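**Q** Protein sequence lines, in the order shown, are assigned to chains A and B.
Counting in this note's numbering, the first sequence runs from 11 upward without gaps.
Counting in this note's numbering, the second sequence runs from 4 upward without gaps.
Don't read these hints as lab results, they were simulated from the structure.
Here the structure is a predicted model, which means the values were calculated and not measured.
For each residue, glycine too, the CB sits at the ideal point set by N, CA and C.
Among these hints, one or two may not hold up.
Where chain A lies over chain B, by a calculated footprint (3+ residues, C-beta under 8 Å) [said to hold, decoys possible]:
# : segment
1 : 100–112
2 : 242–254
Pair by pair, the computed Cβ-Cβ distance ranges are [to be verified]:
#  : chain 1 : residue 1 : chain 2 : residue 2 : range
3  : B       : HIS109    : A       : ARG381    : 50 to 60 Å
4  : B       : GLY42     : A       : ILE351    : 47 to 57 Å
5  : B       : PRO69     : A       : ILE359    : 49 to 59 Å
6  : B       : GLY113    : A       : SER389    : 37 to 47 Å
7  : A       : GLY143    : B       : ASN95     : 50 to 60 Å
8  : A       : HIS474    : B       : ASN95     : 36 to 46 Å
9  : A       : GLY234    : B       : ALA129    : 19 to 29 Å
10 : B       : LYS130    : A       : GLY234    : 51 to 61 Å
Chain residues, written in single-letter form:
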Amino acid sequence: MNARTRSDWMAPVKSGLMGGLIALLIAMVGLVEVSVKRPILTADGRILLSVGQLLLLLPIILMCYKAVQVFAAGCEKVTDRLGLLATGALSGFFASLVLAALVLLGRVINLRTVFIRASPDLFNTLTFGLGLGGGSVVLLLFGALLGGLVAAITLLPDRIRRPLVLGLALVPLAAILTSALFAGRGFSVPVALLVGVVAAALTFAWRQTQPKLQDRVAALSPSGQRTYQVFRWLLPVAIVLALPRLGAYPSEVLVNVGLFVLMGLGLNIVVGFAGLLDLGYVAFYALGAYAMAVLTSPEMTWHGIHLTFWQALPFAVLASTSAGIILGIPVLGMRGDYLAIVTLGFGEIIRLVFLSDWLKPFLGGSNGITRIPKAVVGSIALDNSPKLYYLILAGCVVAAFVAIRLKDSRLGRAWMAMREDEDVAQAMGIDLIKTKLLAFATGATFSGLSGAIFASKLTSIYPHSFHVLVSINVLGVIIVGGMGSIPGVVVGALALVGLPELLREFAEFRLLMYGAALVFMMLTRPEGLVPEARRKLELHEADGEV
Amino acid sequence: MAILSAHHVTKRFGGLLAVSQFDVEIQENSIHSIIGPNGAGKTTFFNCITGFYRHEEGSILFKGEPLDGLSPDRITRQGIARTYQNIRLFQNMTVIENVLVGGHVHLRTGVFGAVARTRGVMAEEAKALEEARHTLRFVGLAGRGDYMAVNLPYGDQRRLEIGRALQTRPALLLLDEPAAGMNPSETEDLMAFVRRLRDELGLTILLIEHQMRVVMGISEVVTVLDYGEKIAEGTPAQIQRDTKVIEAYLGRRATA
Chain A
11 MNARTRSDWM
21 APVKSGLMGG
31 LIALLIAMVG
41 LVEVSVKRPI
51 LTADGRILLS
61 VGQLLLLLPI
71 ILMCYKAVQV
81 FAAGCEKVTD
91 RLGLLATGAL
101 SGFFASLVLA
111 ALVLLGRVIN
121 LRTVFIRASP
131 DLFNTLTFGL
141 GLGGGSVVLL
151 LFGALLGGLV
161 AAITLLPDRI
171 RRPLVLGLAL
181 VPLAAILTSA
191 LFAGRGFSVP
201 VALLVGVVAA
211 ALTFAWRQTQ
221 PKLQDRVAAL
231 SPSGQRTYQV
241 FRWLLPVAIV
251 LALPRLGAYP
261 SEVLVNVGLF
271 VLMGLGLNIV
281 VGFAGLLDLG
291 YVAFYALGAY
301 AMAVLTSPEM
311 TWHGIHLTFW
321 QALPFAVLAS
331 TSAGIILGIP
341 VLGMRGDYLA
351 IVTLGFGEII
361 RLVFLSDWLK
371 PFLGGSNGIT
381 RIPKAVVGSI
391 ALDNSPKLYY
401 LILAGCVVAA
411 FVAIRLKDSR
421 LGRAWMAMRE
431 DEDVAQAMGI
441 DLIKTKLLAF
451 ATGATFSGLS
461 GAIFASKLTS
471 IYPHSFHVLV
481 SINVLGVIIV
491 GGMGSIPGVV
501 VGALALVGLP
511 ELLREFAEFR
521 LLMYGAALVF
531 MMLTRPEGLV
541 PEARRKLELH
551 EADGEV
Chain B
4 MAILSAHHVT
14 KRFGGLLAVS
24 QFDVEIQENS
34 IHSIIGPNGA
44 GKTTFFNCIT
54 GFYRHEEGSI
64 LFKGEPLDGL
74 SPDRITRQGI
84 ARTYQNIRLF
94 QNMTVIENVL
104 VGGHVHLRTG
114 VFGAVARTRG
124 VMAEEAKALE
134 EARHTLRFVG
144 LAGRGDYMAV
154 NLPYGDQRRL
164 EIGRALQTRP
174 ALLLLDEPAA
184 GMNPSETEDL
194 MAFVRRLRDE
204 LGLTILLIEH
214 QMRVVMGISE
224 VVTVLDYGEK
234 IAEGTPAQIQ
244 RDTKVIEAYL
254 GRRATA
């Protein structure tokens, strides 16, 4: 064992304090207070673990993990197991020290004159309801134990660690989801154990059998492989189709997610593939929605045209596509920051045009347009979320299909080349004007489709629905999901649109959590949750040389 | 016959004359070098040919047709390709994708074809892929097609850049300091490779190079630029004896 210097012990202390400070921040802004009633683990109706407590634990766990990682990075293989455990424990101890200091301070002086969230309830949560003296000691011990536990888990061999971590992570996630979706009461201890153990066991089994399964599949005949592919997709497809069965509220959330997936798929082409940072993307969403509204609402009498949803849809989409090209032309020569600022302006201009009194007789001004009819399929009106879900799902499937096909084509390559180096792309014979306008137009088309569905979903639209924040949200979706990655858009939308929608108590913290999520992603996983995958093209078929 | 000829080409940056009244004739199927001290205007001339800069005066003819005022992509379609002094690959694309982008101008697929993936489109893609693999073999990168371009070692990046340019199927290839940063044995390989490009593919090569071993070893004609003006032109042997050239490189007293 090599001798550890003083600075080696400073690192875990620092990460511990950092974790504690983050937890402190979370508590002080009130995130704990609003979510302490949302149960994860319960016993006899008493809450053992709430979302609020989990929010306090998470930064501490993460920072302990970081401290342990830093410690382990110093050596090839961890021989100093005790040192590792001590590092984790030390880090956890100092994290809880910050919280204990808060409790102590809160007792001595009245913090609430400045920090209104430093409530007795919060202190009670922090001291496990054991009062100041005993509670603080328990808190410190708990922190150290937690840190040690984190360290101990990293010591486990990979094949046990991964299932275990997955099981541990899945329990709160599943508990939160069920409580949010079905107004459930969280999991009781036996249920939680069951969920965790099953999840861990399945992961373990899957990791053991998966390589063998792959060998078996590789040995199959081409037709057999095709059958395997069909079966492999059968279950996910069935689940996706059955999702509205969860009820009206989950469907409502999913429809909102779907609208953002559709927009995300479009913006992903513009920003992710072609590298054109468009911050006014909401403009096309608004245009699609307004085109739908103007053409279908009986309120709009000035043109004497009243179409049904399906009749108006092509026009709405076409309006957005044309707008994509028209707004694309003036920005053809702009790059990077300049493009971002100008498109940001365009987005606002479009919204202000819809808001203006000048166009009020035609577009409704600040009163918006109401009485937009619902879409009708056959004799079924898509008048509730579970039915609308299928409409938006169909839209997403078509958009994803188009995006995937385009990505793996000559055009997709041209977009990516342009993203990488515009000058060189042009020197390779790529017509920048055509290629850029095509990206803008495709992106606008998807957004317009989303807007049209949005209008018929709400049956009334107002200019303020098309705030610049929508553009930023869509951009957040593709950044979190992974730039240029199509599955990433779905994951990003679920995380950034679905979760906040479910956890209503966090509504006022939405932007704070967006910011935190983005910073965290940039620091730990800048390529996104589901990074863009690369197809193997050279050695796709038996090519001989390696 | 001259494949490319420049007449009185002048390019100014503000008050600076980067290229001044430059005349040059590049013979078809030749290896022609442009040399000169740093800042002599060599790369500027390349940028004028490829359309990235607009020259204020003079004209450049390619196969008898003027290139003046055409956009870079149009010029590439005419049959001129280039590489860069500081390698400029599409770094976050795979090696073979880089080459495929080079083949862009020879493919027809549009939006609807790409989405519908008709038989014609599939055949075109398969052919493009086959040609890209062939190019990889030609430049010696077989088996590396699925690597990220950014992960290739330096020498391979140079090869890939040439491969990407070749995929545009040029008649004239402009190489901007291809031997920069290469050791003597790599340089030797490069010289053989450039000769192959000329002999096997029938290309005309216009080369900017600082390594005199390369310039003198493979060029048939050498043009010397200094402060944007042509000061000498001739075979490598003639250039080596030229007093003006020696002056430009080594200063006035060296000629004495």
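**Q** Output the indices of the hints that this structure fails to meet, ascending.
**A** 2, 4, 5 and 10
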